[in-house]
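Visitor: Sequence:
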Amino acid sequence: MGCLASKNGKGSDVRDVYKMGGKIGEGAFGIIRSATHRVTGAQCACKIIYKHEEGVSVEELREEARIMMLLNHPNIVKIYEVFEDANFIYILMEKLDGDELLDMMESASDKVTEERCANYIGDVVKALLYLKSRNVCHRDIKPENFMFATKDPDSPLKILDFGLAAELKPGETFKTLSGTVHYLAPEVVRGEGDHRGDTWSLGVMLYLLTYGDLPFKGTDDRTIMKRIIREPISFPTMAAGKPISPERLDFLKQLLEKDPRKRITPEQALKHRFLVGSDDPETLQRRQSPMNPSVIAQARRKSEVVRKKADQDVAEEREQILNTEEKLYEQTKRRYSRFSLAASRRDRGEAESQFGRRSSYGSGGGANWTNLGSPSVAGASPSVASPSKILNVRKHRNSIHNSRFEALPAGAEDLAESPKSPPKSPPSFHLVPSASKEGGGLESSTLQDGMTPKSPDKKSKRVSILGGGEGRAN
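The sequence shown begins at 1 in UniProt numbering and counts up by one.
A hint or two may mislead.
To be verified - Taking CB as the label site, the calculated pair distances span:
hint : residue 1 : residue 2 : range
1    : ARG261    : GLY218    : 24 to 32 Å
2    : LYS242    : ARG273    : 14 to 22 Å
3    : GLU319    : ALA297    : 41 to 49 Å
4    : ALA108    : ILE24     : 18 to 26 Å
5    : THR113    : GLU231    : 31 to 39 Å
6    : GLU54     : MET238    : 41 to 49 Å
7    : GLU319    : GLU115    : 41 to 49 Å
8    : GLU304    : PRO281    : 51 to 59 Å
9    : PRO281    : GLU319    : 54 to 62 Å
10   : SER294    : GLU115    : 13 to 21 Å
11   : LYS111    : THR324    : 20 to 28 Å
12   : SER107    : THR324    : 22 to 30 Å
13   : ASP97     : SER289    : 34 to 42 Å
14   : ILE233    : SER109    : 22 to 30 Å
To be verified - Here are the simulated lysine-lysine pairs, DSS-like style, with alpha carbons at most 25 Å apart:
hint : residue 1 : residue 2
15   : LYS242    : LYS253
16   : LYS262    : LYS242
17   : LYS302    : LYS169
18   : LYS169    : LYS258
19   : LYS258    : LYS217
20   : LYS111    : LYS302
21   : LYS151    : LYS95
22   : LYS51     : LYS111
23   : LYS262    : LYS302
In short, the hints are calculated from the structure, not lab data. Here the structure is a predicted model, which means the values were calculated and not measured. Beta carbons are placed, not taken as given, at the ideal position from N, Cα and C, and that holds for glycine.
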């Protein structure tokens with residue numbers, strides 16, 4: 001999990017370090033492409049977010065990357081590196097080959113038993129327990145933010161999107177709210193949310209998997225939020241003509257307890273009989289029965305209805321700008337390929353005298369410096385260290401307040417540049433996170449001449465994950 005920067009604040013273009021592949025996903029604010037590390041050959045995914053799109057907060061994107069780099073859990077997707085240029089932020093992360101939760105459950109509905117569903121929910125609970133121990137609130141728990149590591153239905157289920165996540169010290173609450181309205185807890189709607197809101201959201205997610213519908217609906221966000229606060233939840237004992245198991249029903253009710261003080265905690269949830277099972281023959285037989293395929297299909301359709309998608313024109317514009325940047329990069333690369341070997345050796349000598357000798361050389365814009373936090377694979381160069389062995393992140397914790405829109409107040413129940421000469425390529429090195437400085441970090445760039453992207457001749461910056469401070473070489 002390294003963050004690269006050069007001494008003068010300029011680093012490599014992401015394409016110097018990673019070879020970009022095809023698109024493997026798309027969301028409301030960006031696309032995901034496959035990527036291959038040019039030195040190690042490691043496969044990863046690159047989340048590319050257009051910085052100048054309406055609704056995109058660059059600071060929130062940097063916070064997303066910073067928080068994700070603090071986390072290391074088998075049920076949370078890993079992040080390796082972050083790059084930033086004039087138009088885009090690139091987040092290099094673990095590549096998952098499986099499907100989204102509901103996609104897999106629908107395609108393999110004959111194999112999805114209540115026991116397997118309980119295992120999926122157990123994976124989420126373990127992740128929430130870990131986040132709680134790190135004082136992190138996810139704030140957007142919902143089915144589309146979960147994906148399997150592989151095509152195997154028994155592979156680990158992982159949380160993907162931390163775009164709304166924030167750190168929160170014990171005893172503190174969020175005065176503003178973030179998330180998908182259908183999954184918001186009552187206290188979150190009131191502006192008094194904390195990590196217990198994630199547990200409620202998990203309850204809504206399990207409710208959807210159980211009944212194929214959401215507990216609260218409405219024609220607009222305000223109506224839905226009022227109902228979340230005011231109205232009781234219905235827990236039918238049957239779904240699509242099949243009975244709901246008593247243990248699942250009890251677990252649902254404890255997750256969707258409106259009083260957060262009485263709501264089941266992740267620690268308690270891991271001991272609940274719905275997750276741990278029972279030796280009782282009747283319970284065993286019930287847990288081995290396949291879930292109702294019609295309920296799963298209905299749940300997937302309902303999830304698609306509330307999923308936020310990019311406007312088609314916006315998505316096409318984003319793709320066009322990204323393609324233009326890549327063409328400019330290739331043109332620039334060919335333009336500077338005529339540089340003499342002598343100049344290259346001179347730059348190499350300067351780098352070694354200042355930062356120490358490399359253990360190996362190769363393409364990738366300095367991506368093979370010793371102890372670099374790039375993704376490693378079996379057989380990779382020994383000069384590339386595993387991300388988990390590089391940074392001691394426990395010393396670098398900042399409280400943040402991440403918000404997207406205002407909460408209902410208390411009492412809400414009453415509310416219805418190209419260089420002239422060939423530039424030297426500055427050596428990249430491992431940046432040790434330092435305490436955040438006020439006003440630190442990278443400044444946001446704006447587009448020039450409408451939507452024309454800036455030339456990548458000016459190297460992209462890798463985001464300083466903690467928002468400021470000088471890097472130092474290992």
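Visitor: Evaluate each hint against the coordinates.
Guide: Now for the hints, and whether the structure bears them out:
no.: 1; hint: ARG261 / GLY218: 24 to 32 Å; in the structure: holds (27 Å)
no.: 2; hint: LYS242 / ARG273: 14 to 22 Å; in the structure: holds (20 Å)
no.: 3; hint: GLU319 / ALA297: 41 to 49 Å; in the structure: violated (31 Å)
no.: 4; hint: ALA108 / ILE24: 18 to 26 Å; in the structure: holds (20 Å)
no.: 5; hint: THR113 / GLU231: 31 to 39 Å; in the structure: holds (32 Å)
no.: 6; hint: GLU54 / MET238: 41 to 49 Å; in the structure: holds (45 Å)
no.: 7; hint: GLU319 / GLU115: 41 to 49 Å; in the structure: holds (42 Å)
no.: 8; hint: GLU304 / PRO281: 51 to 59 Å; in the structure: violated (39 Å)
no.: 9; hint: PRO281 / GLU319: 54 to 62 Å; in the structure: holds (56 Å)
no.: 10; hint: SER294 / GLU115: 13 to 21 Å; in the structure: holds (20 Å)
no.: 11; hint: LYS111 / THR324: 20 to 28 Å; in the structure: violated (45 Å)
no.: 12; hint: SER107 / THR324: 22 to 30 Å; in the structure: violated (37 Å)
no.: 13; hint: ASP97 / SER289: 34 to 42 Å; in the structure: violated (29 Å)
no.: 14; hint: ILE233 / SER109: 22 to 30 Å; in the structure: holds (26 Å)
no.: 15; hint: LYS242 / LYS253; in the structure: holds (19 Å)
no.: 16; hint: LYS262 / LYS242; in the structure: violated (29 Å)
no.: 17; hint: LYS302 / LYS169; in the structure: violated (35 Å)
no.: 18; hint: LYS169 / LYS258; in the structure: holds (22 Å)
no.: 19; hint: LYS258 / LYS217; in the structure: holds (17 Å)
no.: 20; hint: LYS111 / LYS302; in the structure: holds (22 Å)
no.: 21; hint: LYS151 / LYS95; in the structure: holds (13 Å)
no.: 22; hint: LYS51 / LYS111; in the structure: violated (42 Å)
no.: 23; hint: LYS262 / LYS302; in the structure: violated (29 Å)
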